[in-house]
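If you read the protein sequences in the order shown, they are chains G and E.
Number 176 in my numbering belongs to position 176 of the first sequence; there are no gaps in the numbering.
If you want my numbering, it's the position in the second sequence, counting the first as 1, plus 347.
Since the hints were derived computationally from the structure, they do not count as laboratory data.
In this text the structure is predicted, and so the values were computed from the model without any measurement.
All C-beta atoms in this analysis are idealised placements derived from N, C-alpha and C, irrespective of residue type, glycine included.
Check before you lean on any hint, since a few could be wrong.
Unchecked claim - Mimicking DSBU-like on lysine-lysine, the simulated pairs with C-alpha atoms at most 35 Å apart in a straight line are:
#1 G/K84 / E/K357
#2 G/K84 / E/K623
#3 E/K431 / G/K229
Stated by the list, open to error - The following label-pair restraints were derived from C-beta to C-beta distances:
#4 G/D19 / E/E654: 47 to 55 Å
#5 E/C375 / G/K23: 22 to 30 Å
#6 G/G253 / E/K442: 30 to 38 Å
Stated by the list, open to error - Reference excerpt, derived from the structure (chain E facing chain G, CB under 7 Å, subset only):
#7 R350
#8 R415
#9 F430
#10 F452
Next come the chains, spelled out residue by residue.
Protein chains: 2
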Amino acid sequence: MQRTVISKAKPFVQGAIIDLYCKTFSKCLTIADLGCSSGPNTLLAMSEIIDAIDSTRRKFGHRSPEFRVILNDLPGNDFNTIFKSIPYFIETLKKEKGDEFGPCFVAGMPGSFYGRLFPNESINFIHSSYSAHFLSQVPPGIENNEGNIYIAATSPPSVDKAYLEQFRSDFSLFLNSRSEEVIPGGRMVITIIGRRSSDPSSKECCHLWELLAQALREMVSQGLIEEAKLASFNLPWYAPSRKEVSASIQEQGSFHLDMLETFDVNWDADDNSQNKNYVFDKIKSGKKVAECIRAVTESMLVNHFGEEIIEDLFQKYSENVGEYLVKEKAKHINLVICMTKKEGKLD
Amino acid sequence: MQRTVISKAKPFVQGAIIDLYCKTFSKCLTIADLGCSSGPNTLLAMSEIIDAIDSTRRKFGHRSPEFRVILNDLPGNDFNTIFKSIPYFIETLKKEKGDEFGPCFVAGMPGSFYGRLFPNESINFIHSSYSAHFLSQVPPGIENNEGNIYIAATSPPSVDKAYLEQFRSDFSLFLNSRSEEVIPGGRMVITIIGRRSSDPSSKECCHLWELLAQALREMVSQGLIEEAKLASFNLPWYAPSRKEVSASIQEQGSFHLDMLETFDVNWDADDNSQNKNYVFDKIKSGKKVAECIRAVTESMLVNHFGEEIIEDLFQKYSENVGEYLVKEKAKHINLVICMTKKEGKLD
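Extracted from the complex, chain G is given alone in its bound form:
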């Protein structure tokens, strides 16, 4: 899933980094990945960025720039596993690109991207994939969203408003922080889940969570989860529309919005037109989607409901997803947001 999203965003990421490189021919490029997580795709985007610069500098007959890669995620992320893979990552780059490549330094920077992470004007390029749709907190004032865990058809309008407010405030904090860190003329390419509809309770972004809410409600009715526990749970997540994103960028004012594209990825990313051998199997598909969602929500669900409900919950969720996919080829709507830090200081 994450791999498919990165590969679909690749032309935008590579376009932006090549354009940046060709405008400056910097001898040293500092590239940060925000919300890098820890898994097989952690270094994928960074490696694609390095590939793009390396082949461009060859075309111009330039020497390799120095690469400074900074991997960011929350302090609880498993950096140990990433760090153990770095020597192999750098060896592989050197083998592929020859002795003239690099040097390439890879560091880890723990912290929340809803706040300052890096020194002033120290970053040339920021990449972030599938992280900035997570909010810094559950929006306050949505105690009335009972039985739901995100905006749903049955949510009162005040819930939509609270989510949008939280997104606006978080995204503005994100942009403010990055505006201090990114060198004027530097770039950002951010991929998040969003929506096409102007309605925040549209099925295209909400149904993924509605199926999880269904599983939770089932467990409430079976007496496995207390009703009050479910009533007090909401996800710190928001799928904005293009209009909401571009309004926030314009309002904050430090970045020029170069491009804002939308692309779809099926919930089961293997189910696509390129994959001729794909045979739909609702059990397999349900499991795959449930595993993805589990990877990003497990820790908060455990925090709220306890460890013991998790297996059962994701078993139910995986069945709900499988059944739903029989009826509908569900897709995530993705927004890829390409920005350039404006030149000159703002007041």
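Position chain E against the provided structure of chain G, taking the given hints into account.
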């Protein structure tokens, strides 16, 4: 132990950083800790360095500089535990020093300090405590050091020579790498175990390991370890003399040696003249020393001899140390090496 060493080296570290700050009044200081390890003392030296700068800038009525702290150790180090403690570390600094403090960014950089770690001329101050006495590898050509695990009274002279050669080559690589990374005028303060004697098989640096070799030989005689296994094990470690250190620095040529001081710390660091309530107990002391040595050697011993011998080995070692401390108040000889990166480029 590590805490005592850091506190004894503190005047040298603080002296060097204050001197550096007063010469430049930099608005941004990048400070790296090489071989930071992971434990209660990981951030201690960094925090003392920040303290020294903060109180100095107050005396001058200056604004707080920006701090960029980089923690380095091998990729196998437990960075996760360190990273989880960073938010608290920064919060505490802000509380102690007020809102005008910082900003302070703390990053992790995994890799061996026997090679490049950081970009060119990017570091103002390098600190390293109790790490650079570890060599990059066991010196080659010491197969004849059978029954010993380091230079010992019974080692052939070729063993002394091989260890010295390895130290020279490693320390030169260390200085070469740092010379590219440290800004001209920047400082390094390195604390290592060394020796006073010109004889590298002197008891003052070797007996710590001789007692471990004794424990291993005992286990060989009990049939718990194969003789050939012990014969092929040697430590990648070297305790140089002041003369060896200063000769290496002069030969490499990039750093001016400002100070090279020697101080002693008892093997059992709690046993010192400041500690009036201290009552010697050979079992307790033996255990404490054995725990320290275990922390830094366990992984290599497990790699070579296997997991199963470790408990028994350190039980025996702790007894050997206890018995030895009855006869002799053994001390580590420590070298603290203060250097300044020379101005101007070398060819």
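Now the hints, each set against the structure:
1. G/K84 / E/K357: Distance ~32 Å between G/K84 and E/K357 Cα, so the pair holds.
2. G/K84 / E/K623: violated (45 Å)
3. E/K431 / G/K229: Satisfied, since the Cα-Cα distance of roughly 28 Å is no more than 35 Å.
4. G/D19 / E/E654: 47 to 55 Å: Given about 54 Å between the Cβ atoms, the range holds.
5. E/C375 / G/K23: 22 to 30 Å: Given about 26 Å between the Cβ atoms, the range holds.
6. G/G253 / E/K442: 30 to 38 Å: The hinted range 30 to 38 Å holds for G/G253 and E/K442, with Cβ atoms some 33 Å apart.
7. R350: violated (24 Å)
8. R415: holds (6 Å)
9. F430: The hint holds - E/F430 has a Cβ within 7 Å of chain G, the shortest such distance being about 4 Å.
10. F452: holds (6 Å)
Taken one by one, the earlier hints fail for this structure at numbers 2, 7, listed in ascending order.
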